[in-house]
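For the protein sequence lines, the chains are E and S, in the order given. In this text, residue positions in the first sequence follow the numbering used here: the first is 1, and each later residue adds one. In this text, residue positions in the second sequence follow the numbering used here: the first is 1, and each later residue adds one.
No wet-lab data here; the hints were simulated from the structure. Please note: incorrect hints may appear among the correct ones.
[Stated by the list, open to error] Computed list of chain E residues with no C-beta within reach of chain S, every gap over 12 Å:
id, residue
1, E73
2, E83
3, G105
4, S219
5, G239
6, S272
7, Q279
[What the hints assert, rightly or not] Once the Cα atoms are required to be at most 27 Å apart in a straight line, the calculated DSS-like pairs of lysine-lysine come out as:
id, chain 1, residue 1, chain 2, residue 2
8, E, K259, E, K232
9, S, K165, E, K232
10, E, K145, S, K65
11, S, K28, E, K275
[To be verified] Listing some non-contacts, in silico: residues in chain S with all C-beta distances to chain E over 12 Å:
id, residue
12, A81
13, K113
14, A260
15, V263
16, I315
17, K318
18, L332
Just so it is clear, CB atoms sit at the ideal spot from N, CA and C, and this is done for glycine as well.
Residues per chain, in single letters:
2 protein chains.
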Amino acid sequence: MSETVRIVLVGLGNVNLGLIKILIDKKKAIAEQYNTRFNIVGVVDSSGMAVSEKGFAYEDLVNLKYNKGKVNEMTGFLPKAPELIADCITADLLIDASPVNLTPGNPGLQLIKRAIEKGWHVVFANKAPLVLAFDQLMALAQQHKTSIRYSATVCGGLPVVNVLKRDLKLASLSSLHGVFNATSNFVLQELEKGVAVEEAIKEAQKIGAAETDPTLDISGQDTANKLYLIMKSFSDFDGSIKDIEVEGIEKITAEQVSKAAKVNTQIKLVASAYKKENQWKLEVKPTTVAADSFIGSCKGWEMGIEIKSDLYESISFKNYEADPRGTSAAVLRDMIDIQHQQVTLRMKNTNKGK
Amino acid sequence: MSETVRIVLVGLGNVNLGLIKILIDKKKAIAEQYNTRFNIVGVVDSSGMAVSEKGFAYEDLVNLKYNKGKVNEMTGFLPKAPELIADCITADLLIDASPVNLTPGNPGLQLIKRAIEKGWHVVFANKAPLVLAFDQLMALAQQHKTSIRYSATVCGGLPVVNVLKRDLKLASLSSLHGVFNATSNFVLQELEKGVAVEEAIKEAQKIGAAETDPTLDISGQDTANKLYLIMKSFSDFDGSIKDIEVEGIEKITAEQVSKAAKVNTQIKLVASAYKKENQWKLEVKPTTVAADSFIGSCKGWEMGIEIKSDLYESISFKNYEADPRGTSAAVLRDMIDIQHQQVTLRMKNTNKGK
């Protein structure tokens, strides 16, 4: 029989809706390959929280979203502040895919902290809590022996954080460059075609790839958030998000983009990290690159990163992800990783006892 | 105090020499970050085996290689067949970086099997044992509760196998395309410049990136071996290496390469996997691709792969690796992964007992 993992979803937007759909599509594979069943026992959105001891049917949640419903219309709705969810239901794992809110002291961060204190593992698609309190959350998780995963926070399904942390271990970062925001990359490409910025943003939002507030995309702040999480995960950078120099694409004109294209270059919103006088220098800014460079090759909905290190010379990777499904899949891989780790530990303990 | 892992090196070529150098360079980081010390207690090459209960000094092994010495000149040399190494010393982990030998029943495979039977974990840089006996080795390892890692066997330091197995979990592969052999890719590029094939191969061997026998590179067999390992690791492909149609670059002329370049295309030795009538079709052959496609962008010493799947749309990654150091680093990441897993399990067991 499959082992049941009790999960709580924070946010019912594109990412968690996509997650539920994948849980439906891959239910059999999850049971067969990982002997696991994810039972959604709590849901939180801006309207409040709903809990169910025996769990919500995946299909009911999909239907709720299709009917543009909110959590306060669900059976199991509790008239309590969302940040109290960890006190209202027993669970193993929290998935935070709520909209990015960078206001310090926002209730989302309180919700996460309380969940960790209750011993819940956390998977993030939402960058905000990590940007606001990376070290604090990691320390809290260590204290309470829970796991935090966040591979979905950087470049959707592209396993940037995982590759850096797990595959490039022991390597010392020399520099990195990347295109981390597909919406702004798409907008720059549309500019070249003569489409107005506002139109391009609307198109991006229709597809569901743009952040709820496109200002974060266009201003470079979303890119900076990702750069910060990458550097906190992989390097000895110990500064804050405010140490990143950020310039957005607001002032880039169609004329500039066309002019660049004529001489085989491209204007990209590039995130960079490199050492200057032995200090990390982190920047996000519109940059002209050769069209046939790796960064230049990241077109439209693509995001990519080029990493130079002492052990691995140069490694580059990119994805094409017009649909947020890849981000949802990244959340699921983190969920499975945590569960697999827990099960392995328990199995070994049991064997030891025999 | 650091935990000591007793390791045995099979092969003392570029990869294991590179590994020893990294073990020297990163000794402090390995101790601090992973609380581990790797002690080389056995070495095997074509001249025989040498063992040391207290371990060989890293520097002595590097000096031996610099002086073009062989294992039979070492203190600790035993006049025994190399495949008996697992019966001659106690160890935890075997690293097979010996030259690729695809002869069925070759002693290298016997050596590996005996090591697994003794409970040793195995890290492969050498593809041959896995190509000859993938299923058999995995079953044997499972039976003896040991781990097998082989991220260094495919595209050097590029974490192809790891990303597929760990990050794209639950995704169903639609198709993949890749350039997996840097030597043949480099040779094709040199052809365009007017350099003769033989000269280009010599240059590749000088750098140390070519296989000992360049026939494997040029004939497409090395590419096919890598494609096979990828498909065995990630897909439901259950055929044998012989099911891959292989055509090398022997017959490609400088004229063909130049002609292709003139119309913005490139001739690449491309590995492909795709479904045809619900069956996997695996091929390695010279293919003309657009210069600005991802495969076309893999230049000279670069290797790359483009993966299409149901959950992640398209993910592509490539590396630039003129030096085999990246492959050595990949061996080390596998060693650390295995050790980290073992330590975690033991720590949890100890805590449980309290």
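Do the hints match the structure? See the list:
1. Chain S leaves E73(E) outside its interface by the beta-carbon criterion, the shortest separation being 30 Å against a cut-off of 12 Å.
2. Remark: the non-interface label on E83(E) is consistent with the geometry, its nearest Cβ contact in chain S lying 31 Å away (cut-off 12 Å).
3. Distance check on G105(E): its Cβ is at least 34 Å (rounded) from any Cβ of chain S, clearing the 12 Å threshold; non-interface status holds.
4. A cut-off of 12 Å between C-beta atoms confirms that S219(E) is not in contact with chain S; the least separation is 26 Å.
5. Every CB of chain S is more than 12 Å from the CB of G239(E) (nearest about 21 Å), matching its label as outside the interface.
6. The beta carbon of S272(E) sits about 18 Å from the closest Cβ of chain S, which is more than 12 Å, so the claim that it is off the interface holds.
7. With a least beta-carbon separation of about 21 Å from chain S, Q279(E) lies farther than 12 Å from that chain, consistent with its non-interface assignment.
8. For a cut-off of 27 Å, the pair hint linking K259(E) to K232(E) is broken: about 37 Å separates their Cα positions.
9. Our distance criterion of 27 Å between C-alpha atoms is met by K165(S) and K232(E), whose separation comes to about 25 Å.
10. For the proposed pair K145(E) and K65(S), the alpha carbon gap of about 46 Å is over 27 Å, so the pair is violated.
11. At roughly 22 Å between alpha-carbon atoms, K28(S) and K275(E) fall within 27 Å of each other, so this suggested pair holds.
12. Consistency note on A81(S): stated as away from chain E, and its beta-carbon is indeed over 12 Å from all of that chain's, at 35 Å minimum.
13. Residue placement check: K113(S) keeps its beta carbon more than 12 Å from all beta carbons of chain E (closest about 24 Å).
14. Residue-level check passed: A260(S) sits 16 Å from the nearest beta carbon of chain E, beyond 12 Å.
15. Look at V263(S): its CB is around 16 Å from the nearest CB on chain E, clear of 12 Å, so calling it non-interface holds up.
16. The non-interface label for I315(S) is inconsistent with chain E: the shortest C-beta to C-beta separation is roughly 5 Å, within 12 Å.
17. Not every CB of chain E is more than 12 Å from the CB of K318(S) (nearest about 6 Å), against its label as outside the interface.
18. A cut-off of 12 Å between C-beta atoms contradicts the statement that L332(S) is not in contact with chain E; the least separation is 6 Å.
In summary, the structure is inconsistent with hints 8, 10, 16, 17 and 18 from the numbered list given earlier, while agreeing with the others.
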